[in-house]
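Sequence lines, in order, name chains A and B.
Straight run, no breaks: the first sequence in my numbering ends on number 856.
Straight run, no breaks: the second sequence in my numbering ends on number 1117.
The hints are simulated quantities; they were obtained by calculation from the structure and are not laboratory data.
This structure is a prediction, so every number in the text was calculated from the model and none was measured.
Just to be clear, a hint being listed does not mean it is correct.
Result set (DSBU-like, lysine-lysine): computed pairs, CA atoms no more than 30 Å apart in a straight line [what the hints assert, rightly or not]:
1) A:K451 with A:K600
2) B:K1091 with A:K452
3) A:K80 with B:K1091
4) B:K1091 with A:K600
5) A:K451 with B:K1091
Taking beta-carbon pairs under 8 Å as the criterion, some of the chain B residues facing chain A (in silico) [as the list claims (entries may be wrong)]:
6) R1052
7) R1073
8) G1077
Ideal placement from N, C-alpha and C gives every residue a C-beta, glycine not left out.
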Amino acid sequence: MPETTIPNTPTFVLVGHGMVGQRFLESLAARGLTPAAGRARVVVLCEEPRPAYDRVQLTSYFAGRSPEELSLVEPEFMEKHGFELYVGDPAGSVDREARTVTARSGAVFPYDTLVLATGSYPFVPPVPGKDTRGCFVYRTIEDLLAIEEYAKGAETGAVVGGGLLGLEAAGALKGLGLRTHVVEFAPRLMPVQVDEGGGAALLRTIEGMGLTVHTGVGTQEVTAGEDGAVNGMALSDGSSLATDLVVFSAGVRPRDQLARECGLAVGERGGIVVDAECRTSDPAVFAIGECALASDGRVYGLVAPGYEMAETVAEVLGGGRAGFTGADMSTKLKLLGVDVASFGDAHGTAEGALDVVYADSRSGVYKKLVVTADGTLLGGVLVGDADDYGTLRPMTGSVLPVSPEQLVLPAGAGGPVTLGPSALPDDAVICSCHNVTKGAICEHTTLPEVKKCTRAGTGCGSCVKVIGQLLPQSQDTGLCGCFPYSRAELYEIVRTLRVTSFTALLDSHGREEARGGEGCEVCKPTVGSVIASLAPTVGASGYVLDGEQAALQDTNDHFLANLQRNGSYSVVPRIPGGEITPEKLIVIGEVARDFGLYTKITGGQRIDLFGARVDQLPLIWTRLVDAGFESGHAYGKSLRTVKSCVGQTWCRYGVQDSVKMAIDLELRYRGLRSPHKLKSAVSGCARECAEARGKDFGIIATAGGWNLYVGGNGGATPRHADLLAQDLSDAELVRLIDRFLMFYIRTADRLERTSAWLERIDGGLEHVRDVVVHDSLGLCDELERLMADHVTGYRDEWAETIDDPERLRRFVTFVNAPDAPDPSVRFVPERDQMKPDLELLAGPVLAVRTLEGTSS
Amino acid sequence: MTTDTLSAPVAVVRIAHADGWVTVCDRALLSPGRGAAVLLPDGGQAALFMDRSGAVRAIGNRDPFTGAYVLSRGLLGTADGRPFVASPLLKQRFDLATGVCLDDEEVSVPVYAVRVE
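Go ahead and model the full structure; you've got the sequences and the hints to work with.
As structure tokens, this is what we get:
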């Protein structure tokens, strides 16, 4: 019988597409209960104008995450599985007799099984004036966008509620640049999660950030000005607070209206009553997440229990057995940059519970472990330093292997014991968002694999550090699948054995199975960089593209230019210290104009010329070299720029000639190959206009000379550089930088910037200072000699290239048609310049795919 | 230095295309461990690679993850004894023998037969 005649697959209707709703869909997909698999029809009604997004991370919008980046739905997810998603069309009513749901749009959907995941709504206390213009709640992206818009005309904001969500909202207001108040009725912040001591530590830290906290007071009234908009609040202690906007964040309530209207049982204080299978009083209807009153009589406002309920229902619908009978309320979060965690019996309510407390209000750290007399861990509260959460929470219920006081004391206070995750039993739950045990994680070997196979680490992310410690990478510190040695070890091997060939190194020092092979994309550039760093010393060619070295370089080094997304390259001439003559500026302009290049000023005080084809590079550089330019090494893991402010010569505040020093340093270290790129800057006074403390090595002028800072970084993980030495003379400064850079090049891992290196190496900054300032290892002579070799051996790569027909031979697009330009590199106009033709990249315009048949 | 392994005085590289073989270039023009792009008669592009033993292989030059014609500029490598090229843009690796992406099995590039004679 043809299957199409009787479509006997069930229809599931999901009401609500929030985090839990999406998780339910993923659970169905994981079990093959999808339309695409022919097992069910699945209809999703979503009230908000966008599919599910990460509500927990809402505040990260202010750290630059767009609403799109917050999305939890992978592209093509709905299409791939055949789920029917109706965005902006919430369920209006349910007819349980007829088993239909009517959406607000009027569309009617019959169901066999209905799953309610309607979530919760923000509770707004019934105070007079709560609906005044300027009052908001903080729950959705739309709320956030509305607050952002209104805040443009505001200076002060107040949040009603000092719990978890309230502090999130306060973080949002602070992110919008408002003077922010937090009003909490309870005597402390986060009363549910932390105890009095934890609240005090939190209070101090949050006040230190410039927020004003009012605890132990209620909101009496929201007052309005003559224009009808919020102008303040009256508080229960008789005081008043002037504010331009108010955000209510005093908790949430289950959204059970739809369930009430169709006669499902709800709890006295709200929440749709469900059993352990998450089934409501109607067996055809389930409820999951924050709208459900679980079988243990609680409504869970956290995402992890909601996920567990979603999994439960998917399993039940697939014919399996599952139950949700209650969840761990443990949480770890970063609120306003402060780590806050609580787990287990955090308030010590169990009989015989004993507290072990460490409190340091000065630094905002508070740690409390709740234990029994025999040392069994019952729970705890961690504020300000929650690093141990990942190992402590899974140990709840077991006897601690060391005394609890050792675990709360800070390092260096007599009992610096950190529990390694190796102490955990196999059934300890490491990821509580996805309920993944240590045993399940240890079946895998890499973090991406763990995330893909077990989903551990993909929820709140607080367990990622522990997962990293559980994975076996620590046993093998080898660079890659080809070498069992770290980059630092390979550096020593190349240096002492004077190895100048990658294949020789691979065949002599590679892993057994990799010998005789090609190496890989990790070790080739790494070894190429090490040989280049040591070239003058070990007797290799200083030109990175000679002989076998050419095959080791990433394409950027290979073509001495930076590959861009459409296969074209960009060109950056060196402009030492950012100082340039009008004549040279004109040459750059003429070259860009003549070759039709897009120009942009870089952050490192130079000019980037984009859109060159491979065959144009030598022509462009012939013009640039003739005008006196050199390679800027923007393509290399090497010194980029030494940025400078204008310094003493022109600036009324300057105390040293920062421009001259920047030029001298840039010319000294240009072309130096290193584990990662190197950036530097020189500021002429303490005002620090060159932003030197954001650089790998930064120099700030003082009346007595120069201060040298090292290990700074901008980018995704900013770090202020640390002071290495102060009041140095010109010669002392240069000597110290020579040593510092060579020590870094010698000991750092591949692609490890100085900031990460300084944090990683044993002894940190103090050790580096001992080595490079006090010469504790007796290495300094050698480090200086290596740098002297580099300085003497430096030659401009581009000048050498355009003078050598053999070297120029590589700059063709096609080996069989050297004169043909690349037809796939095309441009379209934008803002009076040009940009890559991205449509050309997206579409199969060139008929390559018609050739596929020839391979077989 | 490596010429002694290339014993034939002139070795010409040909690539399978449509119903026949297209002559590409003299093998001496290829450097071991690196690739070169080939313009095919119909305007398509292939990426040609020679490994350190002198073996030559070809795949499509278009990187399916970015749409750019750049695979010939990637680095050659060996993983579990199989030759691959890593895209210079986002570093996905493609098996030179099968064209399958080692980092995402659902993605592949065309493979072209090659003769050196």
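Query raised in the report: Holds or violated: is the Cβ of G1077 (chain B) closer than 8 Å to a Cβ in chain A?
Result: 4 Å, holds
Query raised in the report: Would the pair K80 (chain A) and K1091 (chain B) pass a check requiring their Cα atoms to be no farther apart than 30 Å?
Result: 26 Å, holds
Query - K1091 (chain B) paired with K452 (chain A) [C-alpha distance capped at 30 Å] - result: Given pair K1091 (chain B), K452 (chain A) holds - Cα atoms ~19 Å apart, limit 30 Å.
**Report entry** Given hint R1052 (chain B) near chain A, where the shortest CB pair must fall under 8 Å
**Finding:** 6 Å, holds
Query - Pair hint outcome, K451 (chain A) versus K600 (chain A) [Cα-Cα no greater than 30 Å] - result: 39 Å, violated
Query - Agreement of hint R1073 (chain B) with chain A interface, Cβ distance less than 8 Å - result: With a closest approach of 4 Å, the R1073 (chain B) hint holds.
Query raised in the report: Between K1091 (chain B) and K600 (chain A), does the CA-CA distance stay at or below 30 Å?
Result: 26 Å, holds
Report task. Compare the distance between the alpha carbons of K451 (chain A) and K1091 (chain B) with 30 Å, and conclude whether the hinted pair is satisfied. Result -> Holds. K451 (chain A) to K1091 (chain B) sits at ~20 Å (cutoff 30 Å).
The structure shown violates just one earlier hint, number 1.
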